[in-house]
Amino acid sequence: MTTLSIVLVLALLLVVFGLLFRLQILTSIFSGSSNREVGVSNRVNAILFMVFLLGGGAWFAWSFVENFDKMNPPIASVHGLATDKMFWVSMAILGVAFVLTQVLLFWYSYRYQHKENRRAFFFPHNNKIEVIWTLIPAIVMAALVFAGWKEWTRITGPAPKDAVVLEVMGKQFNWLVRYPGRDQKLGVVNYRLIDAVNEFGFDLSDQNGVDDFTAGEIHVPKGHPVLLRIRSRDVLHSVYMPNFRVQMYAVPGMPTKFWFTPTKTTDEMRAQTGNPNFNYELACNQICGRGHFAMKMSIIVDEPDDYVAWFAKQKSFSEQNPEVLASFKQKSDKLVDKAPATPAAAAVVTPTAAKASL
Amino acid sequence: MAANFPTQEQVQGGIGATEPGHDHAHHDEHHEQSFLQKYVFSTDHKVIAKQFLITGIFWAIIGGALSSLFRLQLGWPEATLEWLKPFLGKWIEAGKLNPEFYLALVTMHGTIMVFFVLTAGLSGTFSNFLIPLQIGARDMASGFMNMLSYWFFFGSSVIMFASLFIETGPAAAGWTIYPPLSALPQAIAGSGAGQTLWLVSMALFIISQLLGGVNYITTVINLRTQGMSMSKLPLTIWAFFLTAILGLLSFPVLFSAALLLIFDRSFGTSFFLSDIYIAGQALPNTGGSPILFQHLFWFLGHPEVYIVIMPAMGMVSEILATNARKPVFGYRAMIGSLLGISLLSFIVWAHHMFVTGMNPFLGSVFMFLTLIIAVPSAVKVFNWLATLWRGNIRFTTAMLFSIGFVSLFIAGGLTGIILGNAALDIQLHNTYFVVAHFHLVMGSSAFFGLWAGVYHWFPKMFGRMMDEKLGYLHFWLTFAGVYLVFLPMHYVGIAGFPRRYYAWTGFDTFSQFADLNKFISVAAIIAFLGQFIFIFNFFYSIWRGRRATENPWNSTTLEWTTPVVPGHGNWPGDIPAVHRWPYDYSKPGAEEDFIPQTVPYSQTQSSNLPYEKEME
Ligand code: HEM
Ligand SMILES: [Cu+2]
Ligand SMILES: [Cu+2]
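Protein chains in written order, with the working numbering: chain A, 12 to 369; chain B, 176 to 791.
These are calculated hints, taken from the structure and not from any lab test. Treat each hint with caution, since some may be false.
With a straight-line cut-off of 27 Å between C-alpha atoms, the simulated DSSO-like cross-links for lysine-lysine are [as the list claims (entries may be wrong)]:
id, chain 1, residue 1, chain 2, residue 2
1, A, LYS342, A, LYS96
2, A, LYS81, B, LYS644
3, A, LYS126, A, LYS233
4, A, LYS139, B, LYS407
5, A, LYS139, B, LYS788
6, A, LYS126, B, LYS644
7, B, LYS788, B, LYS271
8, A, LYS326, A, LYS268
9, B, LYS407, A, LYS307
10, B, LYS271, A, LYS307
11, A, LYS342, A, LYS326
Use the sequences and the hints to build the structure in full.
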């Protein structure tokens, strides 16, 4: 029914439009304006360019100011402060170029509209100005690139030795997270070992993996560098944390990484934004299928002490899934005579151990 | 429908009668040409151009309609779309758009617009139409290959169109079809038969591009009329020529990527697949790299964006000069910047991959190279501005669109400089900021170039004029519409909204801007509907438009020396020789404000510049 009425309305509009069009043609034939080479409409168009410049410019300025607060996601990382500053400085420089060129374009269009007794100025080239306006953008660009390059190398440089390490793994359509446990070493994983329980594909015959634990949300300590190790187990995903200005693809078969330093705890950010429900979020930013748009995870930035306490409370994967561990034990028992595995001891995470990891 | 172009037949018949038979290669064929030969399997570049144009318009309507559908979803994520059920059938589930179908819409929109409209529709139309006419040739070097080029494109179109209707839906992995998503039907239904059809269609498309490109290049090199040296070519031809070279060098790489992907999909190879566990199963593939695909894709993909924009740049330069009644400023710099852009466009591709895990050192290298390419782009803008300066501007519809082109190219190009900065791209990659960037600089600008070209060369194509008033309405509506859609989109992007999201409602971070998204959707849909003004004007004018004269814009280039509607072979008599560059507008001392390229210096002694005196 709605569809039908929409179609009807459209058809009616078409008829009205057609009639108006015929009318317009007839009047222009009678008034003779269809034969004039450059008529009144030239002037109208010239004026419209000025109207567009002024009206459009005003609308742009207004809407920009109106939305400015909303378009800046609060920053909570060290490099984010730097890149945001660089972004707005670059935008300001480019904004000047934008305004200048647009004003000239519209102004020239208006100013040099056709006049019956004027002749255009024959001005095929001028080497001097051409050199100048090649050099100016080249210099500006060089400056922008240099600033960007310095920042980029710092951001992508090696993570500090004392960084907190955790692994984020993308899968359709959620994120999995694992921490290295008190030994600070992520154990070996193998995608062929993945099943409904062992979602990471832990290979627990590797001792380093025995104390690894998984988590339902990401916790990181404020003020400490955090190194994300990133993997995917099916298609491409992208780890995107807008508040930390962090992004890196998750690529099956090719682990990637990104490190950053959070600067504000979740509580501090809640206070700052006045939103008691504020949460840092991890979003997927590379098309990955049906659930792409809902592939998220919360990130909690804790005070370092709280982080240590949280870390201490976590139970290792092997402890929570003794049968998985047992199955590896069986396998390795078959291979080796006696494996001196002491999973229970490894799984006990003491606060001091977590602290040592900071 | 082409059968009903009355003027064409009329004029062609007229030429046949008066034409001196000896210098017209196709003379004998004229009279016996059947309908099929003349309009369907035609080898005439002008007919082929119209075939590309009309197919392109068809695709543009489809592509635009798809975008209106997903803008509905983005503007009103909570609304029920039950009323679309008659069109979309099972893709509406309980009043909601199926999220996978949403991705398919985005994918097909991008594919259609980039390849079928702005590559085939734009350069297919105007390279074909203008190259022989502007260089003074009877036709393309190989009319037969040219015909094949269109029919491969047609075949490719049929397959792509068919893929819209299949059970599992069309391809849905994005227009960049990154594997593994595009390789695994388990990952998304569109990667089944839909993706297969996509790949087959693109393979045919690439063949079409290569056939066309070889022809354009050969024709420009070999078939220029007497006196038409490379330094007397109109900028349009330079642009088409370099575009064809870019296509010839880069499309084969996409072909190879598509081929390898076909192998991975159907024959168990592992070029792009490794370590995958999906749908409860570990796949045997190891050792492949999804990043390799991205390198191959963007090695085409980046030149592709210039393949799209350069023809528009060429036409805009031409139209600005004609209607400002001034020489294009810095003709040589314009050619130089086209050359620079062409060269550089091959060595910047990885700026699409800063955060894919590619070695950061490579990121630095590509950042440097990327920002260099902004310089020739800036030079072009300055030269266009200087062309307007102290002109005597006639606002034909084509001129309006050309000025609009410059405005949009500036707006979109500047944000490229932000994105080319790897450190800033970390936050902005795959957000709506990128979407806004390329829709302004590529999508809208190239469309504006396309419209400018259609309005400008319509009289030569169909012997009639398009309605100017409707043209003005079309322009102002579209110009305003484009800015209303894409300027606010930057705000959304700066706020970090990811692209290709079915809805943002699941995230607190992306909860603002519901109103702005609604606004964008309204503007987009109105702007889309506004295009029907153009469609109407176009088809109406083919049959009922005001009759054109030979040279309605008082232009200097060769195509305007042909009859109102040039027939087979373009010039009834000898091909005219060329004596001067194409931009002698408003030359001091000349009687008229334009001197066609065919006028020798000996006839213009009053206006010759000192160094031209020798050539009298
Ligand atoms: C002024 C020079 C330009 C620079 C520095 C530049 C830079 C960039 C960069 C770095 C990206 C990648 C952004 C990302 O994915 O994170 C990008 C995307 C894009 N650019 Fe540009 N650009 C420029 C001009 C152009 C032009 C002239 C066109 C087309 C005519 C264009 C079309 C595109 C397209 C289509 C994409 C997005 C592809 C996609 O991800 O779907 N750009 N540009
Ligand atoms: Cu995703
Ligand atoms: Cu690019």
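Verification of the hints:
| no. | hint | verdict |
| --- | --- | --- |
| 1 | A:LYS342 - A:LYS96 | violated, 55 Å |
| 2 | A:LYS81 - B:LYS644 | violated, 41 Å |
| 3 | A:LYS126 - A:LYS233 | violated, 68 Å |
| 4 | A:LYS139 - B:LYS407 | holds, 23 Å |
| 5 | A:LYS139 - B:LYS788 | holds, 25 Å |
| 6 | A:LYS126 - B:LYS644 | holds, 20 Å |
| 7 | B:LYS788 - B:LYS271 | violated, 74 Å |
| 8 | A:LYS326 - A:LYS268 | holds, 25 Å |
| 9 | B:LYS407 - A:LYS307 | violated, 59 Å |
| 10 | B:LYS271 - A:LYS307 | holds, 22 Å |
| 11 | A:LYS342 - A:LYS326 | holds, 24 Å |
The structure fails hints 1, 2, 3, 7 and 9 (numbered hints given earlier, in ascending order).
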